[in-house]
Structures are given as C-alpha cells and as structure tokens.
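*Asks:* Place chain H on chain U using the hints.
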Amino acid sequence: MATRADWLLALPLLLPLLACAATAALQSRRDLQRGITAVTAVGLLLASAALVAEVIARGVIASQMGQWPAPFGITLVADLFAASMVAITALMYAATALYARGDTDVLENEALWHPLLAALALGVGGAFLAGDLFNLYVWFEVMLIASFGLIVLGGGREQLDGAVKYAMLNLLATTVFLISVGMMYGLTGTLNLADMARRIPEIENQGAVAAVAFLMLAAFGAKAAVFPLFFWLPASYHTAIAPVAAIFAALLTKVGVYALIRIVTLLLPEGHAWVAPLMWFLAAGTMVVGVLGAAAHWEIRRILSFHIISQIGYMIVGIAIATPLALAGAVLYMLHHIVVKANLFLVAGVIRRAGGTFSLATLGGLWRRDPWLGLLFAIPALSLAGIPPFSGFWAKLFVLKSGFDAGWYVLAGIALATGILTLYSMLKIWMEAFWKEVPEGTPELPPITGATRWLLLAPVAGLGLITITIGLWTEPFAAFALAAGEQLASREAYITAVMGVIRP
Amino acid sequence: MKTSFIMNASARYVLWACVLLSLFVLLRGHNEPGGGFIGGLIGALGFVFHALARGAGATRAVLRLQPLTWAGIGLLFGILAGLPALLLFGEPFLTQQWLGATPIGTTVLFDLGVYLVVLGFALAFVLPFMEA
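Residue numbers (the working numbering), protein chains in the order written: chain U, 1 to 504; chain H, 1 to 132.
If we strip away everything but chain H, and leave its shape as in the complex, we get:
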C-alpha cells in the first residue's frame, strides 16, 4: 500500500505527540477526568496511525516487545500496586498507600498498569489486522 508523503513523514511526530498527550491524560486522571484507560487508548491511537503510515512491522519495531507482553507487564504493575498493603502494612489487598502527604502513591502505579494493559490489548487486536 502506498501512503502519502505527508502521512509518512508525520507518522513519527504524531506517534510521539499521541504518547505525550496520553501520558498527560494518564497523570491528569489522578484528580480530574482522564486516567489509565483513556490514556491507553490515546496512546494506542498514535501507534495505529504509525502502523497505517509505515506498516505494522515498523510499529512493532518501535514497540520492541510484543503488544501482549506490554499488557502482561501492565497487569503485573496493577498487582504490584495492590501488594504493599497486604505485605507491609497489614491491610486488605489493593488498599492504596501514599508517600506521606503527597499525591504520589501506589495509585499511580495502578493507573500506569491500566494504561499498559489497554495499550497492549488494543494493539494486539489491531496490528494483526493490518498485517493480514
């Protein structure tokens, strides 16, 4: 498939713009609308655009790992976010822990996990269609 020169040239920048925007949405989700789910979808959009312009093979090279592997890593983050409560603080699983009075805590890790799971699954679903 021949794609336009403009699309081809802009693919890389659109990809990183999308990833940056998705990370902003991810962090904004802490107290305002946003979060891991919508962030992951925006991120996936960037990669899908990249795949449209340059082919799924090039996108897989940018991703380095298999999409499902990213989803697995995300799931691990989600679990890790819930474990400190159980292991260290004697509280039920998923009780969120905070770094003193700061807004930084295990929820950030949990949201990042959601982000990666959504991103990974979306790409694991879409990329094979572009290769077929």
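So that you can see chain U by itself, here it is in the shape it has in the complex:
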C-alpha cells in the first residue's frame, strides 16, 4: 500500500526530476523554465517540510521503490538527520534559484542553468535518502554530472581549468568508492545499509571489514574535502560563478560528511577502535589547514573556500567523539554551516557586482556606499566565526561541550583556536572590502539598483534571517539536533524501519 511515507520519500526526488526533465525539454522557452523552477522550489520546500514533520511524528520511515523488498530493491529511508538535510537542500535550491534571476553570469547561460540546478538538487537529495550503498554511488554520480555542467557555466578559460581539476579528483574519489562498494558486497553479500549493519558483526575477518571501510572513508573524505584530500576544493571552487559556488559550498562537501556519518554510525559502531583516533587526526588537520589557508589568501572566494575546509573539521570532531551529543553537534553544525556558507558566497557575488572584483587589495569603501550590504555580510561572517547570538555560536558550543565531556581537551582547544582565526579572516574581509577607503585607481561602479538589487539581496537577507533565528530561538533546533544525534547513535530504529521486524 502507498502510505504517506511512500509519497513523502518519493516527492523530494520526483519534483527536481520532473523539473530537470521539463526544463531540459523546454530549453528554448526561458519564461516556462523560470516558472517551472519557481514552482519546483516552492513544492520542494513544502514537501521536505512535510517529510521533516512526518519523521518527527513517526520516527524513521522507509519506502521500497517498485515494491521490491529490502535488501534486494531500492530503499529510500529518512531519519531526522536525512530529513533535515533534504529540507535544507530545498532551501538552497530556492535561494540560489532566486539569486540567479539577478545574476548576469547565469542570465547568459540560462537554458542550461535550470536543468542542471534541478539535477544537482536531485543528486544531493537522492544521496541523503538512499538506503543502500550502490544507490548512494549512483546519486553521487548524478550530483557529479550536474556539477560538471554547472562549474563550466560562464565558459571562460578559468572555469574550464577549475572544472578539469574538480572532475579528475572527484572521478578518482568516486572510483575508489565504487571499488569499496564492490568489496563490501563481497564481504557481506548485501548492499542495503541496514542489512549490512546487521551482518557486519557476524563477519569473522574484521580486519578485512576495517580495510574496506577505510577505503570507503577515504573516498568520502575526499568528497568532504577532509585533510589531506582537500586540495581539489580550493583549486576549483573560486572559478565558479557566484550562485554555483554558493550551492557547491553549501551542499557538495556536506554530502561527503553525511556519508561519513552514516558509515561510521551504521557500519562501524563498535569493535573498530581505529576509527576515533583516525577521525581525531583528520578533524584537527582539516581545521588547522583550512583556517591557515584562509588566513594566507587575499581573494574573497579563496578565503571562503578554505573556510569550507576548516568548518568541515568541526563536523569531523563530532564523528570522532561519536557520543549522541557530539553527533547532535555535527548535525547542528551542518545545518548552520550550509546556510551560512551559501550566504557568504552569495554576498561575495554581490560584492563583486558592487566593487568590480573579488580581490581585497583593490576593493574598498563598500560600507559607505552600501551599508545594507555590509550588514548582510556581517551576519553570516560573525556566525561563521561563532560569535553569539548567531547560529555558529550554538553549533560550536555543542561540538566543544561534547569534546570537553568526552575528555578530548586538545581537540577542543584546536577547535577554539580555529574559531579565533576564522574571526581574523572575516575581519580581514570586513576591513579591506568595507571599511578602508577606496584604493586609488579603482574605478567607481554604478550602484546596483531596482529589481536586480532585490533579487540579489532577498535570498541573502532570508538566509541571514535563518541564521539569526537559529541563534536567538535555539531551543527547537537544539532539541531537534539532540533527537537526531540520539537516533544516529542507536541504529535500531533505522534498521527496523528498513528491514521490517526481524524474523527469528
């Protein structure tokens, strides 16, 4: 029987799939493409909100596509973590689609922008809902293909250069992932994550499990831009046009983090003592390398790209400690980070429009020319650095508290120091772009006016408002994150939802 769960799990994929097909078929009709994207954005937001509500009310839900029973068929499954990620994906789709309406780089390539954006949302949403490893791989591929298309939009040499690096390294990581999927299938005889979680403890050769899991973690680590596999990200992200960079920064690395959390909590819950020290090392390295890289750069998008990496480190801290509180911290951190990071990249795009460049050396005087823009930059920037009362403060607090509770003082100390250096980078952008006088020889651009200004600043303001809301009205978000962390730490609900009641 098609229950509500069947609908709610299918809709977040059906809507972008329909949008992708329809906007690809209607390439020559700009107005229809825009209408379809707008309708899809609203529909996706509503559908994902309903999914979150259902998961809060009923716990983990699962649906077997085509009525092929698990573990043989394609299972879609949503717990609190997955549902919230689907909802935030919908939010990012809506925000970038709105911003793109005012972005000249997109307007020149609009025929392809609409189907590619929908395909990206499809791939990301599918990865969050996939209940088996092979489909996770397929959704990664969907995501990759869409992102290749998106990164070359704008079509210059710089974009192609960035795209080649991005494509090569991501293909390599995906191939490693596919190999590890095959090996895991050989070990357990199943691809379904819930089934695999049940069977892994029964395997005698736990060393082989560890080796394959390590391969898998390496693949997802590269996707998540974790130290020492992060180098593809700063080599490519700064070349993409503003809305593309924003949605990449928001979602792509986070899918890698999501997969890391799934694998570690579902497949490696106990008996693998090497996971925690490995994650400790990765978290510390990622935080430090990211934040130092950002401190060294003087181009806004490069600074922001390196900060993606350092922030990923905080999420890995949550995986390393892996208590319910730490996992809750990782979930809250992801939700906060996606909103803030997308917002910063969108603001960077507006700064380029207003000041003509991304280079801090030639920018200046923006605060006097456009104080609203300054304010809209300050909100995500301070939130990223973890200043109260913004969302970043609570996310960092969760992670730090779980670190101190678990007695991981050194890692918590590194996380604190990273926060301070993050503030330094954000202040650098603020002082150079907004505060100092316009450097001599920088031509004064006409201000952004009219509808374009609204289209560009409305999503920025909306995302800023969410940051403030999480910061000031924290309780429901914190309670949600705690429940999600609880669910991740005890995997029974997930397994039962997928496999049904286990027959004796």
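Keep in mind the hints are simulated off the structure, nothing from the lab.
Take these hints with a grain of salt, some might be off.
So the derived list for chain U, only partly shown, Cβ under 10 Å to chain H, looks like this [claimed, not checked]:
id: 1; residue: VAL42
id: 2; residue: GLY43
id: 3; residue: MET65
id: 4; residue: GLY66
Note that CB positions come from ideal geometry on N, CA and C, so glycine has one too.
*Replies:* Relative to the frame of chain U, chain H by itself:
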C-alpha cells in the same frame, strides 16, 4: 568535407534501418537481451552516420527537436511510468502496472524513456563535435 556518393546516398536508408533495428532491440529487451539503453545507442549510431554523410545540420533537421529536448522527453516518460502506482493504485513509486495478463505495461514506457534519454544525450554530445 567531401563524402563519397555511396555514403551520401545510403545515409537516409542506413539511418532508418538503424532506427528500426533499435526499436526492435528496444522491444526485444522486454524478456530477452536488449532494451532501452542498447536500443538508444543503436539509434544514435544511425543518426551519427547520417551526420557524417550529410553534415550535422541535416541531422538536426531530421531530429526536429534539440537532442537534449529528446532526452528531457525521455526522462519525463520514465517518471510517468512510475507515477500510476503512486497516484492510482496506492503502491510505492515505480511499481510497474500491467494491462491485465498481457506483457504490455508501464515498463514499455519506462524503457522508451531510457531509449530517448540515451539517444538524446549521445547526440547532444556528438553533434557539436561534428559542427566544430
């Protein structure tokens, strides 16, 4: 580029032979080796041969719609094949429906969708190279 007279004259027939063969493979895939993917590739082969002989412009005229538009239509077919289960029969998405005891069902539509997606993407990839 000057192509041989024989190639030029046979292009149209090879094209339609390929399309017919691809449709046969598509339908054969129902219970035997074949199906939308391989069918789409065979179909695309016919169009590529046509483009080699007559130029990509002539092939685009035969196609009428942009290759990517065909792929979009194929994707829509694939989605449509999965929807009746959800909308009418109260079953999960993609549960295939059959017309009574006949072998005709939503799978045929799904396979046709795959066929068009493969054909569309292959041509969207190849034709620009022939124009460059």
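*Asks:* Indicate, hint by hint, whether the structure satisfies it.
*Replies:* Against the structure, the hints come out as follows:
A distance limit of 10 Å between C-beta atoms decides the matter here; for U:VAL42 the minimum to chain H is near 19 Å, and the interface restraint is violated. At about 14 Å, the closest approach between the beta carbon of U:GLY43 and any beta carbon in chain H exceeds 10 Å, and the interface hint on this residue is violated. Because the closest C-beta pair between U:MET65 and chain H is about 5 Å apart, less than 10 Å, the hint holds. Contact between U:GLY66 and chain H, as hinted, is supported at the beta carbon level, the nearest pair being about 4 Å apart and thus within 10 Å.
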